[in-house]
Amino acid sequence: MAESPDDTDDSGRLPAALRSVTPGTRSRPNEGMDMIGWGMLVGLLVLLFPLLPFIVIVWGISKVTDALTPT
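For the sequence shown, UniProt numbering assigns the number 1 to the initial residue and increments by one for each residue that follows.
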């Protein structure tokens with residue numbers, strides 16, 4: 001595979017940092033997005049909770065068939 005000229009001229013140095021007119025920001029908690037995340041978790045739990053018995057039955061059947069099947 002042919003290499004591009006950019007690949008061969010790489011000196012291993014990082015490019016100069018970009019200067020920006022906007023002030024830097026520090027990380028801070030975002031309560032709005034936090035509530036959206038918790039709401040999605042609760043919604044998934046409410047939707048998947050009724051399926052839990054079926055998931056347990058399928059898991060149990062797979063364990064029994066694995067135990068009975070000779071390897």
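In short, the hints are calculated from the structure, not lab data. Careful: at least some of the hints might be erroneous.
Stated by the list, open to error - Per label pair, the in silico range of CB-to-CB distance:
1. Thr22 x Lys63: 40 to 50 Å
2. Gly43 x Val64: 45 to 55 Å
3. Leu47 x Ala67: 30 to 40 Å
4. Leu41 x Arg19: 52 to 62 Å
5. Gly37 x Arg13: 31 to 41 Å
6. Leu14 x Gly60: 47 to 57 Å
7. Gly43 x Thr22: 34 to 44 Å
8. Leu52 x Asn30: 23 to 33 Å
9. Leu18 x Thr65: 52 to 62 Å
10. Gly24 x Ser62: 49 to 59 Å
11. Pro50 x Ala16: 52 to 62 Å
12. Val56 x Arg13: 49 to 59 Å
13. Pro15 x Gly60: 56 to 66 Å
C-beta: ideal position from N, C-alpha, C; glycine also.
Each hint, compared with the structure:
1. Thr22 x Lys63: 40 to 50 Å: Taking Cβ atoms as reference, Thr22 and Lys63 lie about 57 Å apart, which means the hint is violated.
2. Gly43 x Val64: 45 to 55 Å: violated, 33 Å
3. Leu47 x Ala67: 30 to 40 Å: 32 Å Cβ-Cβ, so the 30 to 40 Å window holds.
4. Leu41 x Arg19: 52 to 62 Å: violated, 41 Å
5. Gly37 x Arg13: 31 to 41 Å: holds, 40 Å
6. Leu14 x Gly60: 47 to 57 Å: holds, 55 Å
7. Gly43 x Thr22: 34 to 44 Å: holds, 36 Å
8. Leu52 x Asn30: 23 to 33 Å: Check passed, 32 Å falls within 23 to 33 Å.
9. Leu18 x Thr65: 52 to 62 Å: Given about 59 Å between the Cβ atoms, the range holds.
10. Gly24 x Ser62: 49 to 59 Å: holds, 53 Å
11. Pro50 x Ala16: 52 to 62 Å: At roughly 57 Å between Cβ atoms, Ala16 and Pro50 fall inside 52 to 62 Å, so the hint holds.
12. Val56 x Arg13: 49 to 59 Å: holds, 57 Å
13. Pro15 x Gly60: 56 to 66 Å: holds, 57 Å
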